[in-house]
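Protein chains: 2
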Amino acid sequence: MNLPVILGVLGRLLVLYAGAMCIPMILAIALGEWSITSFLLSVLITGIPGFLLMKRFKTPEMKMGVREAFAVVAGAWLLASCTGALPYWFAQVVPTYMDALFETVSGLTTTGASVINDVEILPQSLLLWRSLTHWLGGMGIIVLFIVLLPKAGMGSVLLFNAEVPGPTNDRMMPRIRDIAISLWKIYLVFTALCALLLWSAGMTFLDAVNHAFSTIATGGFSTKNNNIMYYDSLAIEMIITFFMILSGVNFAIYLSLWRKRTMKVFRNTELLVYLALIAAAALVIAGSLWFRSGNSPEDAFRHALFQAASLLSTTGYASADFAQWPSMTKIILFLFMFIGGSVGSVSGGLKISRFILLAKAAWAELKRGIHPRVVSSIKLDGKVIDGESLNRVGIFFFLYVMTFTIASIAMAGTGLESFDAMSAAAAALGNVGPGFGAVGPTTTYAGISLGGKAVLTLCMLLGRLEFFTLLMIFRPEFWRRRKIW
Amino acid sequence: MNLPVILGVLGRLLVLYAGAMCIPMILAIALGEWSITSFLLSVLITGIPGFLLMKRFKTPEMKMGVREAFAVVAGAWLLASCTGALPYWFAQVVPTYMDALFETVSGLTTTGASVINDVEILPQSLLLWRSLTHWLGGMGIIVLFIVLLPKAGMGSVLLFNAEVPGPTNDRMMPRIRDIAISLWKIYLVFTALCALLLWSAGMTFLDAVNHAFSTIATGGFSTKNNNIMYYDSLAIEMIITFFMILSGVNFAIYLSLWRKRTMKVFRNTELLVYLALIAAAALVIAGSLWFRSGNSPEDAFRHALFQAASLLSTTGYASADFAQWPSMTKIILFLFMFIGGSVGSVSGGLKISRFILLAKAAWAELKRGIHPRVVSSIKLDGKVIDGESLNRVGIFFFLYVMTFTIASIAMAGTGLESFDAMSAAAAALGNVGPGFGAVGPTTTYAGISLGGKAVLTLCMLLGRLEFFTLLMIFRPEFWRRRKIW
Ligand SMILES: [K+]
Ligand SMILES: [K+]
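Heads up: the sequence lines are chains A and B, in that order.
Just so we're aligned, residue 1347 is where the first sequence starts under our numbering, counting upward by one.
Just so we're aligned, residue 1347 is where the second sequence starts under our numbering, counting upward by one.
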């Protein structure tokens, strides 16, 4: 393990992170909010060590192996979580540091589960920091999964359908920087568009920016206690629905569109299934709300579509209290928490591609039961998926379900009712945010015990980093000094 | 597809099945019960077509391929379910034929979910038939999975850890008959022992026989409305606990013990994990009942052990109303419905071996993340598991979870609450029987809509035949006339 490289990179990231913290600080100064000192302290505590690390471990030529990359990713998430919690803690808007950490991890992982019962009394600067953690975390995830991991040979951990104009072996770093910058631009354009539209639809400018950050990152934090229900505006819901759906798509598709300017990039199985799932669920749920719960057909479809998009993109916004809906719609939304959006997107969950692959593998297996000698290969968008990648998808599915189960048992142990406990675990692991019942969209996680919050915090991180990154660092081999490869 | 062979075998099975129906008929005659005519009609309707088929399609030398074997298995389950429902229907103890079918499939698949609210008013002959379906179904499954499927080259669909003294290529049929007869003997000895012990512990002779059938098959039908709670007897609970645990073990282990007479057969990872899971769950649940629900420590452990053994072996007996227990214990028992017992046993669920393999694969995968060039093979009890088998286990896990999800949505659609719906689907798919809430151990499935009963019936069959058998016959290739292999 090349420690100097790791520390140098982490130092640089801390400085950048402190720079990001300056944005809400400047807002606090502009609005004259009392939270200025909280931010100032946080910026200093984050920035100074970062600056010192950066100076001490200058690394002009980066020599990062797979392990160094893992260490940087794990370290960055750890540091960003711990320092990002400082503004909440210093401002004393949460009772304990664990609560502040929960809120920050929930932000950075784009989960959007909150422990703050009344967010409307928070200073605007803290609200902005809250949304900003979503936005930064979301961008970090896209860069990690589209740019860094494939470079580190971990591309098959996820599966890209769209052709990523990825780095070749020579001149690696410049190309990586290129791609990352293109992704940033796309992300920025989406956010700006979303903010402008929300502003023009009647939100205040700051609310529009906050909700744009939250929407594009599939986060779910709102500046209102009643979430999107507060606005009760069809226009706002439609804008948010559109951008939630947009954010659940593989950003490599946008990248290809950006570079190649051809509509062919949309010929993507995962994208098709993603849109079909939202449409199908919206229709079924709307039917259920119309016939069972007596909503008007317009209202039923409006909220059904919003909630389907919100849960499948794992944003977790609520335009209605879906925890009060008929149990069938609840189980569909519960399932959506597990499925999630596309690989290479900001959304959480298991990701649709993995379900497509497993379904195809199951079908092929049935076929083989009858024609044992026919070897059929699994293809996705014309690409053959090798057995090892397929195995990895199956293993990931298993790990995910088992972690969900263990977390559910733990959450039930803290006193939640069975289904509520399961929904809390699923919502944390899938980076969705709200669950059902005691952790439903009209409540917060404030009432959960500290132990329960710790479990959910771990789930959010495990889900966000797709297990391997986080689990890897617990293995003794990871820490051995010398490596052969 | 060789139709004559299939029809000939099915005819022979129908005659045997009609013979089994004569047992409760004889009891009805002996006790002078009014259900005699119901049984007589059923025996005739089952036996006569069977006899005619048998005579018409005499097959001295059986030429069964994989497809013929699948067709026989599917046909046998279908016919046994439809004709087995006749006694209930003729006796008019259920409102519709669908209910009778549900009760029979529940019996044959060793699920033990009942639609009869008051079983204590049933004639003894019908109660015996009910338990007998468990016993016959359980034996059928053991023979299918230990003897027939491995012969048909489908051995890797499941996984045997214990060395099955399996058939070699020459003189196949005599050896198969040998093994099947040995298994029958073991099964019979267990049942007789269980019945004798229960009788001596205070049950009436008939109740003891019924409960022995039900226990050894991990079925769960009782002759009492309050199930095992009715007896409130520590002795009876301990006897049943012992035999439930016994029945969740791979019968290939008993077979090896029977033939080789060495204790080495117990050195089996799955067996170890199976016992460890029961012990661990019993302790955790007992702790929860003691500290949270205020039971005495003795009572807490007594019921915790019984329920852990009952749910992991997927018997589904209840010595207490576990649906009223703390939510954490409920989720543990819910998880047990998915895990199930050992492969090659009578129990349902996904089976422990599959979990062990998936866990090992996940661990190996983590290892490979750090040492990408190290190829480590997955072993179970010293045997290397090839990638293809591993893949199949992952696919089975996926299919199981997805079927559970879809069935949960369907059950919620019939009006059940979310967790109740999920537990009904899990209990049917895992061949457990009772779930939680509206389908808990103190209630029956009588109140479920006919559509819901149909869904659960299908789930019971899918779970029992482990998908492939049942799904296979829906594929067009299956029905094509000529096959090359
Ligand atoms: K979210
Ligand atoms: K059962």
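If you are wondering where the hints come from, they were derived from the structure by calculation, not from laboratory data.
Treat the hints with caution; some may be incorrect.
Label-pair restraints from in silico Cβ distances [unchecked claim]:
| no. | chain 1 | residue 1 | chain 2 | residue 2 | range |
| --- | --- | --- | --- | --- | --- |
| 1 | B | ASN1463 | A | TYR1443 | 40 to 46 Å |
| 2 | A | ASN1572 | B | ARG1714 | 55 to 61 Å |
| 3 | B | ASN1463 | A | LEU1629 | 33 to 39 Å |
| 4 | A | GLY1640 | B | ILE1372 | 36 to 42 Å |
| 5 | B | GLU1763 | A | GLY1640 | 51 to 57 Å |
| 6 | B | ASP1727 | A | GLY1733 | 20 to 26 Å |
Some chain B residues flagged as far from chain A (calculated, every beta-carbon gap over 12 Å) [claimed, not checked]:
| no. | residue |
| --- | --- |
| 7 | GLY1365 |
| 8 | ASP1464 |
| 9 | LEU1468 |
| 10 | VAL1489 |
| 11 | LYS1676 |
| 12 | ILE1741 |
Facing chain A, according to a computed beta carbon distance under 10 Å, are these residues of chain B, among others [claimed, not checked]:
| no. | residue |
| --- | --- |
| 13 | ALA1526 |
| 14 | ILE1527 |
| 15 | LEU1539 |
| 16 | LEU1543 |
| 17 | SER1546 |
| 18 | LEU1681 |
| 19 | ALA1707 |
| 20 | LEU1712 |
| 21 | ARG1738 |
| 22 | VAL1747 |
| 23 | THR1760 |
| 24 | ALA1767 |
Ideal Cβ placement from N, Cα and C applies to all residues, glycine included.
Evaluated hints:
1. ASN1463/B x TYR1443/A: 40 to 46 Å: violated, 55 Å
2. ASN1572/A x ARG1714/B: 55 to 61 Å: Distance hint for ASN1572/A, ARG1714/B is violated at roughly 47 Å.
3. ASN1463/B x LEU1629/A: 33 to 39 Å: For ASN1463/B and LEU1629/A the Cβ distance comes to about 37 Å; the hint holds.
4. GLY1640/A x ILE1372/B: 36 to 42 Å: Given about 57 Å between the Cβ atoms, the range is violated.
5. GLU1763/B x GLY1640/A: 51 to 57 Å: violated, 19 Å
6. ASP1727/B x GLY1733/A: 20 to 26 Å: The hinted range 20 to 26 Å holds for ASP1727/B and GLY1733/A, with Cβ atoms some 24 Å apart.
7. GLY1365: GLY1365/B is indeed farther than 12 Å from all Cβ atoms of chain A, at 32 Å.
8. ASP1464: The claim holds: ASP1464/B sits with its nearest Cβ about 28 Å from chain A, beyond 12 Å.
9. LEU1468: holds, 33 Å
10. VAL1489: Non-interface label on VAL1489/B holds, nearest chain A Cβ at 20 Å vs cutoff 12 Å.
11. LYS1676: violated, 5 Å
12. ILE1741: violated, 5 Å
13. ALA1526: For ALA1526/B, the interface hint is violated, since the closest Cβ of chain A sits about 23 Å away, which is over 10 Å.
14. ILE1527: violated, 28 Å
15. LEU1539: violated, 35 Å
16. LEU1543: violated, 34 Å
17. SER1546: violated, 39 Å
18. LEU1681: Given a least distance of 5 Å, the restraint on LEU1681/B holds.
19. ALA1707: Since chain A brings a Cβ to about 5 Å from ALA1707/B, closer than 10 Å, the hint holds.
20. LEU1712: holds, 6 Å
21. ARG1738: At about 6 Å, which falls below the 10 Å cut-off, the nearest Cβ of chain A leaves the hint on ARG1738/B intact, so it holds.
22. VAL1747: holds, 6 Å
23. THR1760: For THR1760/B, the interface hint holds, since the closest Cβ of chain A sits about 9 Å away, which is under 10 Å.
24. ALA1767: With Cβ-Cβ at 6 Å, under 10 Å, it holds.
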